[in-house]
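Engineer: Residues per chain, in single letters:
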Amino acid sequence: MPTATTVVIGAGHSGLAVSRHLAERSIDHVVVERGQVAHSWRTQRWDSLRLLTPNWMTRLPGHRYEGDDPDGYLTAAEVARFVGDYAEASAAPVRTETTVTAVRAGDDGFTVATDQGEWRCATVVLAAGITTAPLPALAEALPPGIESVAALDYRNPERLPEGGVLVVGGAASGVQIAEEIHRSGRPVTLATGEHVRVPRRYRGRDILWWLDAAGVLDQRWDEMDDVVRARNLASFQLVGGERTVDFNALQRQGVHLVGKLAGIRDGTAQFSGSLRNVTSLADLKLNRLLHSIDEFAGGTGERPEPTVVPNDPTLLLDLRSGAIRTVVWATGIKPDFSWLELPVFDHRGRLRHEGGVVDWPGLYVTGLPVLRRRRSTFIDGAAADAADLVDHLDGYLSGRAAQASQTSG
Amino acid sequence: MTDTAPAVDNGVNVDALFGARSALSDSPEIAKFEWRSTVSWVKGTHSLSEVETFYGLGGEQAHTKKFTFDADHPPQFAAEDHGITPVEYVLVALGSCLTAGIASVAQVRQVKLNSVKATVAADFDLHGILGADPNVRNGFSNVTVNYEIDADASQEDIEAIVAQSQKRSAVYDALTNPTNVSVNVNASS
Numbered sequence: 003m004p005t006a007t008t009v010v011i012g013a014g015h016s017g018l019a020v021s022r023h024l025a026e027r028s029i030d031h032v033v034v035e036r037g038q039v040a041h042s043w044r045t046q047r048w049d050s051l052r053l054l055t056p057n058w059m060t061r062l063p064g065h066r067y068e069g070d071d072p073d074g075y076l077t078a079a080e081v082a083r084f085v086g087d088y089a090e091a092s093a094a095p096v097r098t099e100t101t102v103t104a105v106r107a108g109d110d111g112f113t114v115a116t117d118q119g120e121w122r123c124a125t126v127v128l129a130a131g132i133t134t135a136p137l138p139a140l141a142e143a144l145p146p147g148i149e150s151v152a153a154l155d156y157r158n159p160e161r162l163p164e165g166g167v168l169v170v171g172g173a174a175s176g177v178q179i180a181e182e183i184h185r186s187g188r189p190v191t192l193a194t195g196e197h198v199r200v201p202r203r204y205r206g207r208d209i210l211w212w213l214d215a216a217g218v219l220d221q222r223w224d225e226m227d228d229v230v231r232a233r234n235l236a237s238f239q240l241v242g243g244e245r246t247v248d249f250n251a252l253q254r255q256g257v258h259l260v261g262k263l264a265g266i267r268d269g270t271a272q273f274s275g276s277l278r279n280v281t282s283l284a285d286l287k288l289n290r291l292l293h294s295i296d297e298f299a300g301g302t303g304e305r306p307e308p309t310v311v312p313n314d315p316t317l318l319l320d321l322r323s324g325a326i327r328t329v330v331w332a333t334g335i336k337p338d339f340s341w342l343e344l345p346v347f348d349h350r351g352r353l354r355h356e357g358g359v360v361d362w363p364g365l366y367v368t369g370l371p372v373l374r375r376r377r378s379t380f381i382d383g384a385a386a387d388a389a390d391l392v393d394h395l396d397g398y399l400s401g402r403a404a405q406a407s408q409t410s411g
Numbered sequence: 002m003t004d005t006a007p008a009v010d011n012g013v014n015v016d017a018l019f020g021a022r023s024a025l026s027d028s029p030e031i032a033k034f035e036w037r038s039t040v041s042w043v044k045g046t047h048s049l050s051e052v053e054t055f056y057g058l059g060g061e062q063a064h065t066k067k068f069t070f071d072a073d074h075p076p077q078f079a080a081e082d083h084g085i086t087p088v089e090y091v092l093v094a095l096g097s098c099l100t101a102g103i104a105s106v107a108q109v110r111q112v113k114l115n116s117v118k119a120t121v122a123a124d125f126d127l128h129g130i131l132g133a134d135p136n137v138r139n140g141f142s143n144v145t146v147n148y149e150i151d152a153d154a155s156q157e158d159i160e161a162i163v164a165q166s167q168k169r170s171a172v173y174d175a176l177t178n179p180t181n182v183s184v185n186v187n188a189s190s
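Chains as they are written, first to last, in my numbering: chain A, 3 to 411; chain B, 2 to 190.
Some clues are possibly wrong.
To be verified - Here are a few chain B residues that face chain A, going by a calculated C-beta distance under 8 Å:
#1 Gln156
#2 Glu160
#3 Leu176
#4 Thr177
Rather than coming from a laboratory, the hints here were simulated on the basis of the structure. Think of the CB as a built atom: it goes at the ideal place given N, C-alpha and C, for glycine as much as any other residue.
Put together the whole structure using the sequences plus the hints.
Structural biologist: Written as structure tokens, this is what we have:
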């Protein structure tokens, strides 16, 4: 059985940033990848998708965007190329087309089973990304004849049947998909629960420029009032481009806004009566964020208009009338740890870890939202997270080595 | 929270609430509750409901005493008005739930409440329950809650407290989202 000190699972931006730091410390390792480098960026993104972060934020340890449009937003294909170039520039020891089937405790560390054989290692870094989109349970009650598409499988409007579309979810994916489907001529109903409204630009700058400059992105996970909540927040209601995709903009274009999809009974979709409150919550939080930017910058900027909610929001929608032909589920994505055969999950199935240091000696996770800081949510967070985690991992290896020499001495 | 008294006290035991939340992550089964009431028909549209026990925290629980509630309809409905109507109990439930939430959230956010008052109103069309128009539902067509709040905080902070209270309210959720209801009968003659 081949051995390595560290096996990194996943050759996306997070895994490769970890690999770079391991190499700098001369820790021998291998990066196993289910497909090609940046696999999710190649296979699980819709055609028009662009990064939510501006190009100047597209940077990894020792590698950064160097094109002539620092304020633009990369397409998914460009991200895949950027990450591919990084793997090459770093000469990362990537084993492509190698799918992990199990990670188990082994003699003195771990066994990582793959479809290309097993590895023995002292430490494992989980960097497999967020690759699954479990549908909510109520999706099972959809009447027959309605297409059901998860956002991860959605590609473009032309692949959908003609006719009306119900988009479920008001985060970045939901608003972007709703907008482009609506532009294709298919009437769109957008169902939303809690969401995070931010303007693309504020006071002449990209919102992410402000969050970066004001230090918001550097807030640490262990200094937050409620890190669980921060990690579960929906993504910013943004699109990688100049335009605004908030509910006011979408409604002006003709998208029909409804409350959270709360149930489907006898072929009828039931929407929550809480639409007014979720938009108020989002507006209040938006204003609090812009207020904190004003405090940082001095002066005040122009605030976006409060979200307009229909006078009498729709509560019931007959899914058998033919008005809706497709439901697109933009209800969130989750990491897949189904192959992790270690007792490291809490009673709700969530991985137990402190800032990426898993509750099992030698096991680490990276590439998750707000893992160690708010910046962790973005590609730009991989550098600092990888530095921190590899530092911890190196310390763990030194401790093991010291213990081993004591034992043998 | 430390052992010093909080600067603001709206009479909500926040330490106990947060203690409950951390206890839940250790033993989630104690979070399972069952709320109960019994009801007996008296006469006409008059009924008497009693509430005393509930299940939760891993066992049978009880209020400090038995509470009773008369429900009836007013003379305008050709009834004897022994109590408020059932739909008015719904308004009572919503208003008291949101208000308890406001007090709790304000306590957590260290906002002193001086007075909190609300009117709760529901639009309702009698055609529904009389079966006179199939397009009119039996329940409310719209519910409005108007709060008058005097507190040591900005307008925006007060609005945020009220919004958070809705987000965490059981009755608000029960009214705005569908719930499965099973009514079973054990008949004798």
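Engineer: Regarding the hint that Gln156(B) lies at the interface with chain A, is the smallest CB-CB distance below 8 Å?
Structural biologist: Constraint on Gln156(B) not satisfied, violated at 11 Å.
Engineer: Would the hint on Leu176(B) stand, with a C-beta cut-off of 8 Å toward chain A?
Structural biologist: Constraint on Leu176(B) satisfied, holds at 7 Å.
Engineer: How about Glu160(B): closest beta carbon in chain A under 8 Å, or not?
Structural biologist: Glu160(B) check passes; min Cβ-Cβ to chain A is 6 Å, inside 8 Å.
Engineer: Report holds or violated for the interface hint on Thr177(B), using the least CB-CB distance to chain A and a cut-off of 8 Å.
Structural biologist: Interface hint status for Thr177(B): holds (4 Å vs cutoff 8 Å).
Hint 1 from the earlier list is the only one contradicted by this structure; the remaining hints agree with it.
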